[in-house]
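Peer 1: The chain contents come next:
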Amino acid sequence: MAGVRVLVGTKKGGFILTADEGRKSWDITEPMFPGWEIYHIKGSPVDPNLLYASQCSGWFGQTIQRSDDGGKTWTPVGNEFIYDGVPGTHQWYDGTKHPWEFNRVWHLEPSRFERDVVYAGVEDAAMFKSTDAGMTWKELSGLRTHTTGPGWQPGAGGMCLHTILQHPTDPNRLFIAISAAGAFRTDDGGQTWKPINQGLRSEYIPDPDAEVGHCVHNLSLHPSRPDTVFMQKHWDVMRTDNAGDQWREVSGNLPTDFGFPIQVHAHEPETVYVVPIKSDSQHFPLDGKLQVFRTKSGGEQWEALTNGLPQEDCYVNILRDAMSIDTLESCGVYFGTTGGQVYGSFDSGDNWQALATNLPSVLSVEVQTLS
Amino acid sequence: MIRVTLPTNLRTLANVTGEVHLDVEQPVTQERILDALEDRYPMLKGTIRDRTSKARRPFVRFFACEEDLSHEPIDAPLPAEVVNGRELFMIVGAIAGGAPFLSIDPRE
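Chains P and E are the protein sequences, given in the same order.
Following the working numbering, the numbering of the first sequence begins with 1 at its first residue and continues without gaps.
Following the working numbering, the numbering of the second sequence begins with 1001 at its first residue and continues without gaps.
By construction, these hints were calculated from the structure, which means they are not laboratory data.
Hints may be right or wrong, so weigh each one.
[As the list claims (entries may be wrong)] Partial selection, computed: residues in chain P whose CB lies under 10 Å from chain E: (1) P34; (2) G35; (3) W36; (4) Q55; (5) S57; (6) N79.
[Stated by the list, open to error] Not close to chain E: a few residues of chain P, all C-beta gaps over 10 Å, as computed: (7) S25; (8) T136; (9) T147; (10) R225; (11) E268.
Cβ atoms here follow ideal geometry from the backbone N, Cα and C, with glycine treated the same way.
Build the full structure now, drawing on both the sequences and the hints.
Peer 2: This is the structure in structure tokens:
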């Protein structure tokens, strides 16, 4: 079926929202994995019917589910995430040493190039790779064993590797982000990693210009300009035009530059979306008004997009993996809230409508454009 | 035959309904029950106990014969009522808890 499939992870299960290319009528599945936290669901760019879901629970730990039929049926696959060698320690919140402990998978990133390759970003921060469609996992330990690793410390949600971007033409180049270590890049398929945080400035760490220690919340790039990456940091919206070697701030006229997700438009590489949140201690929109902000000039100049979004008494949050786009001719933009709403815009953000209003708290939103 | 009950989320994961019936080698212990359970339902590996250390997950409890056996040695023989199938070996999710960092919202 040509159309759109929206994969929604929530605190109490997963959901799939589907519509045809017109995006006028939406079907919502029954909950998948009811009762479990579904941190992330994502489909393979190579085989859109191959989906992965990160299913976890404070009681029963981590499970990975795989679907080979677009989410109709699911099978538990490998859930053994063993750090390579002796994991050692990182910094705890109070600066003391804390052993590296696996907690959960935050993000699953199927390869753009190979059907059965999928990457997993986990807490405590590390990168795992599967070459057999999720049956077994092996750590790409060059990241965690980077010389700066013992100095990494968790953000408020844990020390998580939450963002993975694969270069659109070079399978060996990947960008990742860790809260609160920062952004890293590999150019050799994950064997070695380089911190790419030059230009970031974080006043809440001892050395505001440190090589690592920045709380990067999310990254996004457009496939036509893979050296340009946009970043929502804890505070500050940033961009790089040389694959992370140097960043500059593009927050411009945003009313607040704290936020979680960031997304680039499907067809306009200088059009970018963020959702400003009041502050790091007050995780809700300014003045109770839910506003997506869009720049069409790669940053600095931002406009509020509010048509169809609640403009009073709205105090939800939009988490870092809870925004995505489709690639239809008129670009669709989608996001989910901690209040259980999923909003969509089918005209690049000018107008919004609620696709679902009463789901459990939304953790992640991914979109597949089906042909 | 050993009769085992699983919490709802694990029944869903293992795709079972009702009790699970297992043949377990004597002497019947927690460890042997869990070995047999994971052999039959490999998707449960890591959900009840750590894969490597075999330590019970913190929010999982084991009950039988109206007793909490969670802190008994894993290789201790279980009561005869469990061994002969008159009583259930209950794997239970703790009533409270579930979040490793209770004061912190996930993902924020």
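Peer 1: Give a verdict on every hint.
Peer 2: Hint by hint, here is what the structure shows:
no.	hint	result
1	P34	holds (7 Å)
2	G35	holds (5 Å)
3	W36	holds (6 Å)
4	Q55	holds (8 Å)
5	S57	holds (6 Å)
6	N79	holds (5 Å)
7	S25	holds (30 Å)
8	T136	holds (13 Å)
9	T147	holds (27 Å)
10	R225	holds (28 Å)
11	E268	holds (28 Å)
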